[in-house]
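K.L.:
Chains as they are written, first to last, in the numbering used here: chain A, 35 to 347; chain B, 35 to 347; chain C, 35 to 347; chain D, 35 to 347; chain E, 35 to 347.
Treat the hints with caution; some may be incorrect.
If several chains are the same, the list does not tell them apart, and a pair holds so long as it fits within one copy or across any two.
[Said to hold, decoys possible] 20 Å max Cα-Cα, derived DMTMM-like pairs, lysine to aspartate or glutamate:
no., residue 1, residue 2
1, Lys129, Glu42
2, Lys162, Glu189
3, Lys284, Asp97
4, Lys295, Asp257
5, Lys162, Glu188
6, Lys68, Asp309
7, Lys253, Glu85
The set of hints was computed from the structure by calculation and includes no laboratory data.
As the structure is a computational prediction, the values presented were derived from the model and not from experiment.
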Amino acid sequence: MKLTPIVENILSHYASENPGVRAKLAQILMQGKKLGGTGKLLILPVDQGFEHGPARSFAQNADAYDPLYHYKLAIEADLSAYAAPLGMLEAGAEKFAGCIPTILKMNSSLSIAPSSDEPNQAITASIKDALRLGCAAVGFTIYPGSGSGYDMIEEVSELAREAKAHGLAVVVWSYPRGAGVSKNGETSLDIIAYAAHIAALIGANIIKVKPPGQHIEQKAAADVYDKYCINISTLADRISHIMQAAFSGKRIVIFSGGAGKSDADLLHEIRAIRDGGGNGSIIGRNTFQRSYNDAIKMLETIINEYINENILR
Amino acid sequence: MKLTPIVENILSHYASENPGVRAKLAQILMQGKKLGGTGKLLILPVDQGFEHGPARSFAQNADAYDPLYHYKLAIEADLSAYAAPLGMLEAGAEKFAGCIPTILKMNSSLSIAPSSDEPNQAITASIKDALRLGCAAVGFTIYPGSGSGYDMIEEVSELAREAKAHGLAVVVWSYPRGAGVSKNGETSLDIIAYAAHIAALIGANIIKVKPPGQHIEQKAAADVYDKYCINISTLADRISHIMQAAFSGKRIVIFSGGAGKSDADLLHEIRAIRDGGGNGSIIGRNTFQRSYNDAIKMLETIINEYINENILR
Amino acid sequence: MKLTPIVENILSHYASENPGVRAKLAQILMQGKKLGGTGKLLILPVDQGFEHGPARSFAQNADAYDPLYHYKLAIEADLSAYAAPLGMLEAGAEKFAGCIPTILKMNSSLSIAPSSDEPNQAITASIKDALRLGCAAVGFTIYPGSGSGYDMIEEVSELAREAKAHGLAVVVWSYPRGAGVSKNGETSLDIIAYAAHIAALIGANIIKVKPPGQHIEQKAAADVYDKYCINISTLADRISHIMQAAFSGKRIVIFSGGAGKSDADLLHEIRAIRDGGGNGSIIGRNTFQRSYNDAIKMLETIINEYINENILR
Amino acid sequence: MKLTPIVENILSHYASENPGVRAKLAQILMQGKKLGGTGKLLILPVDQGFEHGPARSFAQNADAYDPLYHYKLAIEADLSAYAAPLGMLEAGAEKFAGCIPTILKMNSSLSIAPSSDEPNQAITASIKDALRLGCAAVGFTIYPGSGSGYDMIEEVSELAREAKAHGLAVVVWSYPRGAGVSKNGETSLDIIAYAAHIAALIGANIIKVKPPGQHIEQKAAADVYDKYCINISTLADRISHIMQAAFSGKRIVIFSGGAGKSDADLLHEIRAIRDGGGNGSIIGRNTFQRSYNDAIKMLETIINEYINENILR
Amino acid sequence: MKLTPIVENILSHYASENPGVRAKLAQILMQGKKLGGTGKLLILPVDQGFEHGPARSFAQNADAYDPLYHYKLAIEADLSAYAAPLGMLEAGAEKFAGCIPTILKMNSSLSIAPSSDEPNQAITASIKDALRLGCAAVGFTIYPGSGSGYDMIEEVSELAREAKAHGLAVVVWSYPRGAGVSKNGETSLDIIAYAAHIAALIGANIIKVKPPGQHIEQKAAADVYDKYCINISTLADRISHIMQAAFSGKRIVIFSGGAGKSDADLLHEIRAIRDGGGNGSIIGRNTFQRSYNDAIKMLETIINEYINENILR
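Required output: the full structure, derived from the provided sequences and hints.
P.N.:
Structure follows, in structure tokens:
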């Protein structure tokens, strides 16, 4: 398989990684008849059962209780990768080996954990699990701003190092949260930019953040945005700022879809991500809480939006 | 020994596990003249001495103070497996080697531990102990909802990984408890479904939960059950929902018997588990707090109930 | 050396242990011209300097400041074993190598530690120390009922596993203490039975508890003792109940002597231990706080009492 | 490359280090056409994005969002070394391999961490990362005076030991902070001297502290400075005292530049460091928050000031 | 080199240690033209810069800022050994290799650590450091009575074990401190005796305590001293009691000098240590806070006092 110039350019930003890691990034970037080679990614994550429980996640579309359902959906929709916790991957890894790159989501939280201003997650899998299940990458959530933030960062740094040494790519879900960040601040522009920067600094190959709002959390940051007249009025502008924060666009950044929303809202977001230079989306509930056919149709629409802008950057 | 189609089908859901783990699951599923090959399990657990002390567990039937008693009972009743803490297995492993699959229960709690909203258990054995004692599986309790919940999940994940790598099957007792769950919620339908799902997500091969009540703990879950008109009126319906939460029935789920109850109540529960598609029961106090002969008779009745429904699923 | 039938019978309860561990148990059980082979044990422990300081332990008999004193005393009195912390054994291990089985007491507490309802002990030695010093066994204290109880149990479980893997026997001092147990409850019958059972469950080869009083700590236990009319009126009855809690007498249980007491009281206790089927005593302060000659005489009297009941059990 | 007498003399103070560590120190000390061999160091550190977020660090000079920018700047300015966290080095290590000695900054703090009087940092890289990225040294921050101070010192001691064993030099940012030090005390003379001494005692090869003020924090120290009439009136005097505290000048000490300041203030500080016998500066924000050309010019001026005093010491 | 009978006798108390450890003890005991072979030790410790900062330690005699100064002083004064933290030894180990036995002080505290009733120290070096620097022994402080006491004892026990396994002798600074001991109690007779006993129990080869006062801290201890009429009126009597607590004089015990004091007071203390059978002194501030010549003279006087009593014990 010959890499496209776009993918070659992206990989050039990861020149310090070993060939194993770069091959895994290439595998994800080249996956999909339409998406492959465009530098755009669309990933299906199914870890909501961990955080919200099974009924809140799957009752709306009961077929989705079955882990094999998500493999089939991601493959038929021709997505870039499928991300899920250990048990979900164990259920289908053998049957669908080689059909789609998989990302082992290695830590998760529980909505029944006692509430805390030191929110944390539990590590539920290992690098060896990712290797035996044939994964392309491993994924982790960090909560900068939490009293547990340094511990999570240390834990993820260690596992990321082990993953890379074994030729696996590393995806970081960077979600500021906890006593150091206000509720509103979790989606503020400066904090999301900070989140993307932190993930890049600890060595993430692919960074996942939420689409940023217009609010600025830190006073010292607000002064700077103001003083240097940084353009943050449209979502596309803000996505562009996030890419800047991710090493001037030299790190792959994808944006989460959040809770179920209308098709119009979703497409508006996709176009802003595209226009701001983002690398794509990772969309869970908006996918599997629809019927299979609706989901396939919606994912096709999103893919088409993304590849509309398939120009060399 | 040729596996039955039912067992082959169950094992097909564990295709990502190594041959060692699958052989151990087959060993348990094929055990017993009547139960073997039906996909139904009946397991004797004797760990109550750890939690409640010896007299509260065994004084009612003083023969049961002797660890060898339980081996004999489980073997004569032709059960699927016998589960107990380290010392109990050490006492009989040599004498009864090869007679019945054993499950090393690796953590336990104490009723004299200071009360806490971060309930926990102590790890009292190792994977090497399970191997040297010839066990088929290891078992662990987790308390999702406890302030110690993430630590327990991490601990169990690590040990489960080590167990599987050494060809041992993994059983998880998933018991929500602690500051994140109300007392009533511990047996509520949504929380038990959540518990089963968590165990499946962290890679449990066999999941043990309590039979669920009709109560719904989480407001957000109640809305979903209501909105999508999920049938939860009979115990069989609720068991069926638990199986759905366990990867659409692709994980083995067994239900605990709880404190001593009447034969009628017990059989009512067994039939509901059977009719809801559950894989069987794990019954301790209702077994060893009866006389030996009564226990044998009751276990035979339960086995007969389970195999009445021996159809391909 | 040919084992006696009594010792062979005791060893048969440890059939799952490796030959190394069983040989060490045999070494202790066969030690002593009079005690050897009777199934009765008398052990000298000298760890009180750790808990109470040197003067409170040894000023009454200043010769006892010298670690060699205790070796000599235990050897001349022809006891089953000598138990002490690292430094005490290091002081005499070379000189008295091969003269008497030694037990390395691996953890200890300090009376100057700040008071806490999470009482704990410090690990002060390792399995390798026990091996290089030629010990027959290692010993540990656990405090079930303490907020540190689970940690202590986990720590001791790990070390016990390592000890057994290296062919050393394991002795557990099981002393309920801390916020989960009342002061009075520490010597109550149900709690001492519980303590013995816990030690057996975590794999102790030899269990050390205090002689139990008549008080019952847990309401739920009191109901059971009452309902099933368990005989607990004499100390011998209660010792017998403790042996039952220790796997129906299939684990070796020895009883501590406590603070200095009169000869009459001590002998009364010895006879009750003997008549209740206990395996013997471990007596520190009542030994070394007397003059050398008095101690030798007292120990001889105790040995004679124990072997009076030398019948096959 | 022949070492200069000045560098040979400095290396003689590190005679106990292995050849690998000494070669790395020589590499940094010999780097730069002008600085090389003078015993003076000028280092560019870019870790402010970690502590303050990307916009507050780079918005003023948006080119600086790109990690490659800093490599280019440090190389063109002919500095002694470039120091940055993992992700920043990973972005350019391959492209600029061999162009300038790099220092992997291994721990960092976050301004969105909840405030605490036990301030800490997260370890975000490993010695293996430094080796695979071809670094000359690793760097760490410690916060003596913090409730986390001992933990940080232990952590850094362990990593420093591992670094040296692998032939890497060790740089310690010693920043007293936390409940044990007043805000004012953080830059007081006695505390900065103490900070430099601590870093030397734990084995740092290069020590980074802030330029000390005139204030004395500890009463007992003030008495001593007074009693022995120690000259602390000028910054050069105080720098000289810091060098004394760093093993009588036998450890390399460099001083940080702090927040953006005027050229005049900066040059005043540089001259004092030079006149007091300090080994140089490590200047971040004052470098990359200027335009590229301004920064090059300023760094050239600083280098010229330092080498003006290029005499044998 | 032939050992003297006195040294042979002392070594006979360490017969369980391996030849490596015993050779290191012999090296220290045979060091010094006058002290060598007498069983008396005089050691220079320089770790006060860690606890009090550099100016409070060295400003009085500014030559002492230089680590090489202390090596020279200890060698010229012909002392038994020189003890210091990692950085101090690294500075001179190469230059003075083979000139004097060195003791690597492996943990230290900071006077700017936040005050706590759980005082602790930071481990700042490793056994491998001691080996690469050619040390004869390693040293540690423990704080029995602190809430961190058990952790410190466990830490030191582990490191002591590793040290001995590598043929290094072990020195323990045993300093009761923290919530379990009153300020006055830190130097009380019973507590110092307890401290010496604890150090002996955890396997220390050489024990360092403070000279004991007349006060008794524990009520239960006071009763015992009273009841058994233990003579504690002179410092020599009390030293003798401490030696008794250290395994009847079978462990080497040395006494610290404390803060600067007059020559008369110091000599009074030395004579009491000698007359009470103590093994010597470890004197820091009273040495290096004098001028070099004064220090040499004072150390010579002390040595002469010690060897005045050079009789076989």
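K.L.:
Hints the structure violates: just list their numbers, smallest first.
P.N.:
No hint contradicted; all consistent.
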